[in-house]
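Residue strings, one per chain:
Protein chains: 2
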Amino acid sequence: MRITKFAIPEIIFGHGSLDHLAPCARRLGASRVLLVSDKGLESSGWVERVMDILSGNGLEWVYFADCSSNPRDHQVHQGAQIYLEERADVVIALGGGSPMDTAKGIGTIVGNGGRISDYEGANKIMRPLPPMIFLPTTAGSGSDISQFCIITDVARRLKMSIISRSLVPNVSIIDPQVLLTKSEELIVASAIDAFAHAVESYLSLLASPFTDHQALRAMELIMANLMPAVERRDPQALEQLSIASTAAGMSFSNAGLGIGHSLAHSLGGMFDVLHGLVHPVLLPHVMRYNLPVSVDRLAAIGRIVVGPRMASAESIARAGIERLGEFFAGLGVPVRLGQLLPDRSALETIARTAVHDACTLTNPRAVTWQDLLAICEEAW
Amino acid sequence: MRITKFAIPEIIFGHGSLDHLAPCARRLGASRVLLVSDKGLESSGWVERVMDILSGNGLEWVYFADCSSNPRDHQVHQGAQIYLEERADVVIALGGGSPMDTAKGIGTIVGNGGRISDYEGANKIMRPLPPMIFLPTTAGSGSDISQFCIITDVARRLKMSIISRSLVPNVSIIDPQVLLTKSEELIVASAIDAFAHAVESYLSLLASPFTDHQALRAMELIMANLMPAVERRDPQALEQLSIASTAAGMSFSNAGLGIGHSLAHSLGGMFDVLHGLVHPVLLPHVMRYNLPVSVDRLAAIGRIVVGPRMASAESIARAGIERLGEFFAGLGVPVRLGQLLPDRSALETIARTAVHDACTLTNPRAVTWQDLLAICEEAW
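Here the protein sequences line up with chains A and B, keeping their order. Mapping the first sequence onto the numbering used here, position 279 (from 1) lands on 279, and the numbers just tick up by one. Mapping the second sequence onto the numbering used here, position 118 (from 1) lands on 118, and the numbers just tick up by one.
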């Protein structure tokens with residue numbers, strides 16, 4: 001086995017774990033924190049709740065809410081300026097992938113200076129970030145666990161993948177009760193994002209015994225719990241989706257991803273699509289593309305999706321991919337690329353950009369931009 | 001689900017991962033490190049290898065080797081004094097549980113002052129320790145992963161369990177090639193220690209979805225790989241034992257242990273027995289004691305030990321316990337307490353001490369010292 005690295009934040013998980021926020025912040029040296037969240041969360045009441053917890057424990061806070069659903073470079077720089085002007089000492093992010101990635105970007109600039117685009121790619125961050133505590137409100141992005149930060153470069157119209165050990169927060173406080181207030185669309189999009197993290201990291205060139213079983217477990221939990229979570233808002237199913245998202249985060253943060261995410265980043269940089277809604281469209285085609293080099297691993301995924309059967313690895317793998325497409329369709333989300341984009345004119349640009357995304361490096365099968373274009377055409 | 005915490009160090013795993021030592025140390029601010037190891041490891045050549053790596057990378061080191069196989073309080077204080085006198089800045093431990101626990105004790109005193117007995121129990125360490133990098137040379141103690149530190153109080157003739165989040169090292173560098181130089185007895189004792197960690201943490205009152213699957217995975221890997229590792233020194237089997245020990249460490253560090261370890265600590269404080277050799281004697285009896293409250297969990301363990309079968313949970317659980325006793329006997333280690341101790345005269349003291357060990361708190365079934373004495377008598 002080659003050398004493998006495995007790093008995750010300290011995790012506090014469970015109903016009511018939000019109560020641990022103030023002691024954690026104080027342990028990390030907080031006296032005045034920058035709280036990063038977004039407008040959508042204000043209406044749910046969680047932002048106020050966090051502010052109350054901080055104030056009630058003698059901690060000052062500065063609030064920054066300028067995070068769009070695909071966070072942008074200028075938002076990161078604005079947040080970093082506020083952090084420095086206000087002399088904050090710890091960053092707390094409350095929300096889904098967008099506020100968390102914005103917080104990571106802010107931490108990067110605060111600790112390292114320069115422009116956020118300076119850190120695009122893997123292992124470009126050389127100096128430490130301020131302490132970070134994340135409070136995820138969706139079960140999907142895995143940003144609360146991962147070494148990944150995805151920021152849109154507005155001028156270039158692309159999503160930059162920034163990957164560094166330094167981007168793992170100090171503590172992730174995961175309170176599944178916040179999921180109860182989520183819309184059906186957000187629960188589905190988040191769970192599918194987590195599922196795609198699990199699949200792509202399991203197929204990744206950097207997959208290891210430390211990540212494999214986290215990935216497989218995430219897939220099992222999502223297949224078993226997504227329907228009850230959506231249909232009945234079953235609290236136990238929502239909790240299991242949180243565990244699945246965390247497991248998928250442990251896997252992809254350390255094993256990396258693949259061309260499904262390269263394409264999703266490229267597409268999301270040009271069109272403001274909810275990230276989790278790109279995977280139902282692309283994932284089955286990406287799996288099919290990787291089949292020639294990953295038969296056994298796709299068969300292991302197939303066994304989770306369709307159940308154990310006696311058949312050749314290839315036929316189980318194919319059956320799994322088919323069934324997954326039907327499963328996504330049954331969730332009522334778009335399953336053709338044509339439903340997400342206005343026309344095919346951007347496809348070549350999407351493919352040419354995606355081939356340079358950092359996630360392409362760990363895809364099990366080599367790709368050219370023409371291969372990526374063919375996948376998009378197949379998914380149209 | 002109640003609130004659960006999960007914390008592990010950054011892990012670098014694989015053949016040749018020792019090469020990451022110098023960059024890791026530098027990243028943690030090292031210029032002059034305290035290297036903690038023991039005499040036994042000097043003859044294996046690994047101590048010199050680590051010294052060469054440090055010197056070759058411009059790092060100064062001070063060497064401390066006064067760690068006995070059940071490390072003692074005065075050794076910890078002596079090491080802390082050397083750290084401070086020599087103005088060291090990072091602690092590196094190379095070895096099994098003993099040098100690693102000594103290093104944790106040294107770090108505790110350096111960062112917090114006082115006597116090591118001041119920190120006995122859970123969550124008594126209030127100030128941070130110096131940065132620590134651990135290089136485990138046995139696949140068993142899990143000290144490189146865990147929040148536990150076991151130090152013998154010489155005056156009281158007992159092993160203190162010190163448990164704190166602060167005792168998790170910053171980085172654990174696990175290079176399975178160091179296991180190739182181990183004796184058969186040490187491989188067996190270490191693997192059984194890891195197996196006992198997995199079993200007791202899986203039964204623990206603090207077990208969670210984050211620890212359960214690590215525990216089960218550790219048991220599976222040890223059952224499958226211990227024999228080939230011992231009989232043929234099969235490198236792949238040894239690597240799998242390393243992975244198992246790491247998984248068991250992730251589990252018990254976060255879920256805690258039970259009365260098997262309470263008794264092992266108590267017994268090890270009075271008699272200088274190799275820790276891993278206590279479990280084959282006690283574990284089946286401890287499992288049997290816990291059976292009335294943990295039938296389903298002991299059945300899950302039974303399915304790993306004897307393979308899946310159609311039978312009641314209780315009968316699978318019992319079959320697993322029986323088979324485990326035979327498995328230990330087949331390894332050629334002592335399986336009766338009478339083989340480890342001179343006579344029964346110490347049993348009552350052992351039981352009375354063990355009932356106050358921190359590990360007793362997480363045992364699934366309540367115990368009195370009389371219950372513990374009965375377990376010892378049964379195991380005699």
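Just so you know, these hints were derived from the structure itself, not from any lab. Note that beta-carbon positions come from the ideal geometry of N, C-alpha and C, so glycine has one too. Do not take every clue at face value.
Lysine-lysine pairs mimicking DSSO-like chemistry, simulated, CA-CA at most 27 Å apart [what the hints assert, rightly or not]:
no., chain 1, residue 1, chain 2, residue 2
1, B, 124, A, 5
2, A, 182, B, 5
3, A, 39, A, 124
4, A, 5, A, 182
5, B, 182, B, 5
6, B, 5, A, 5
7, B, 39, B, 182
Chain A residues, not near chain B, derived (Cβ > 10 Å throughout) [unchecked claim]:
no., residue
8, 2
9, 7
10, 8
11, 10
12, 12
13, 13
14, 165
15, 230
16, 233
17, 243
18, 327
19, 330
20, 346
21, 366
22, 377
We went through each hint and held it up to the structure:
1. B:124 x A:5: Violated. Residue 124 of chain B to residue 5 of chain A sits at ~31 Å, over the 27 Å cutoff.
2. A:182 x B:5: Judged against 27 Å, a Cα distance of about 24 Å means the pair holds.
3. A:39 x A:124: violated (31 Å)
4. A:5 x A:182: violated (34 Å)
5. B:182 x B:5: violated (34 Å)
6. B:5 x A:5: Judged against 27 Å, a Cα distance of about 22 Å means the pair holds.
7. B:39 x B:182: Roughly 14 Å separates the two Cα atoms, so the pair holds.
8. 2: violated (6 Å)
9. 7: It is violated; residue 7 of chain A is separated from chain B by about 4 Å at its closest Cβ, not greater than 10 Å.
10. 8: violated (7 Å)
11. 10: Given that some Cβ of chain B is not farther than 10 Å from that of residue 10 of chain A, nearest at about 4 Å, it is violated.
12. 12: Violated, because the least Cβ-Cβ distance between residue 12 of chain A and chain B comes to about 5 Å, which does not exceed 10 Å.
13. 13: violated (5 Å)
14. 165: Contrary to the label, residue 165 of chain A does not stay out of reach of chain B, its closest Cβ about 7 Å off (not over 10 Å).
15. 230: Its Cβ never comes within 10 Å of chain B, the nearest being 20 Å, so this holds.
16. 233: Nearest chain B Cβ is 17 Å from residue 233 of chain A, so the label holds.
17. 243: Contrary to the label, residue 243 of chain A does not stay out of reach of chain B, its closest Cβ about 5 Å off (not over 10 Å).
18. 327: holds (23 Å)
19. 330: holds (26 Å)
20. 346: Non-interface label on residue 346 of chain A holds, nearest chain B Cβ at 40 Å vs cutoff 10 Å.
21. 366: holds (24 Å)
22. 377: Correct as stated: the minimum Cβ-Cβ distance to chain B is 40 Å, above 10 Å.
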